[in-house]
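Asks: Sequence:
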Amino acid sequence: MTLKTRTGRIGALAAAALTCSLALAGCGGGDDAEETGAPTKLGKNEGEVSILAWPGYVEDGSNDPKVDWVSDFTKSTGCKVTTKVYGTSDEAFNLAKSGDYDVVVASGDLTLRMIAAKQAAEVNTDLVPNYEKVYDFLKDQEWNT
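Numbering-wise (the working numbering), the sequence shown opens with residue 45 and increments by one.
Some hints could be false.
Claimed, not checked - For lysine to aspartate or glutamate, the following EDC-like pairs were computed, each having C-alpha atoms within a straight-line distance of at most 20 Å:
no.: 1; residue 1: Lys128; residue 2: Asp116
no.: 2; residue 1: Lys119; residue 2: Glu135
no.: 3; residue 1: Lys119; residue 2: Asp144
no.: 4; residue 1: Lys124; residue 2: Glu92
no.: 5; residue 1: Lys128; residue 2: Glu176
no.: 6; residue 1: Lys162; residue 2: Glu176
no.: 7; residue 1: Lys141; residue 2: Asp116
no.: 8; residue 1: Lys177; residue 2: Asp116
no.: 9; residue 1: Lys128; residue 2: Glu103
no.: 10; residue 1: Lys128; residue 2: Asp180
no.: 11; residue 1: Lys85; residue 2: Asp146
no.: 12; residue 1: Lys162; residue 2: Asp180
no.: 13; residue 1: Lys124; residue 2: Asp153
no.: 14; residue 1: Lys128; residue 2: Asp146
no.: 15; residue 1: Lys85; residue 2: Glu166
no.: 16; residue 1: Lys85; residue 2: Glu176
no.: 17; residue 1: Lys119; residue 2: Asp134
no.: 18; residue 1: Lys119; residue 2: Glu90
no.: 19; residue 1: Lys88; residue 2: Glu176
no.: 20; residue 1: Lys124; residue 2: Asp134
What the hints assert, rightly or not - Simulated restraints, written as ranges between beta carbons of each label pair:
no.: 21; residue 1: Tyr101; residue 2: Lys141; range: 33 to 39 Å
no.: 22; residue 1: Lys110; residue 2: Leu171; range: 27 to 33 Å
no.: 23; residue 1: Asp153; residue 2: Gly100; range: 16 to 22 Å
Derived by calculation from the structure, the hints in this document are not laboratory data.
All figures in this text were calculated on a predicted structure; none of them were measured in a lab.
All C-beta atoms in this analysis are idealised placements derived from N, C-alpha and C, irrespective of residue type, glycine included.
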């Protein structure tokens, strides 16, 4: 296996792990009050999380039965995962405006657009289970917006 392939797989695994962690955080609801900054505690578990993602980022076994983290996540947390796959950043930006999604798996350009439009919330990584297990080289990089 080449370094490029290994790095790509590690990156994909880390993205999936972080998405899973964020989905877990998304299962906790907050109050309706306007919040500033990152939350300091998880809200009540709502029992479901809605994720808007690029193809291949939220795997439930429908594309390949061997690749299914959603079922294990649902089994271990009781949180139902619903997903919508998008094809372009423009499509995702317009879908995200609806407010129907708890988690948006966004590329750098989409992230910047969502931040500028005040559609993105800060993430308190202290509340993300196992965040410390994400490889350091994937955290706090200038390309992580």
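Asks: None of the hints should be skipped; say for each whether it holds.
Replies: Going down the list of hints, with the structure as the test:
| no. | hint | result |
| --- | --- | --- |
| 1 | Lys128 to Asp116 | holds (19 Å) |
| 2 | Lys119 to Glu135 | violated (31 Å) |
| 3 | Lys119 to Asp144 | violated (23 Å) |
| 4 | Lys124 to Glu92 | holds (4 Å) |
| 5 | Lys128 to Glu176 | violated (28 Å) |
| 6 | Lys162 to Glu176 | violated (28 Å) |
| 7 | Lys141 to Asp116 | violated (29 Å) |
| 8 | Lys177 to Asp116 | holds (19 Å) |
| 9 | Lys128 to Glu103 | holds (11 Å) |
| 10 | Lys128 to Asp180 | violated (29 Å) |
| 11 | Lys85 to Asp146 | holds (16 Å) |
| 12 | Lys162 to Asp180 | violated (28 Å) |
| 13 | Lys124 to Asp153 | violated (29 Å) |
| 14 | Lys128 to Asp146 | holds (11 Å) |
| 15 | Lys85 to Glu166 | holds (13 Å) |
| 16 | Lys85 to Glu176 | holds (18 Å) |
| 17 | Lys119 to Asp134 | violated (33 Å) |
| 18 | Lys119 to Glu90 | holds (15 Å) |
| 19 | Lys88 to Glu176 | violated (23 Å) |
| 20 | Lys124 to Asp134 | violated (27 Å) |
| 21 | Tyr101 to Lys141: 33 to 39 Å | violated (20 Å) |
| 22 | Lys110 to Leu171: 27 to 33 Å | holds (31 Å) |
| 23 | Asp153 to Gly100: 16 to 22 Å | holds (18 Å) |
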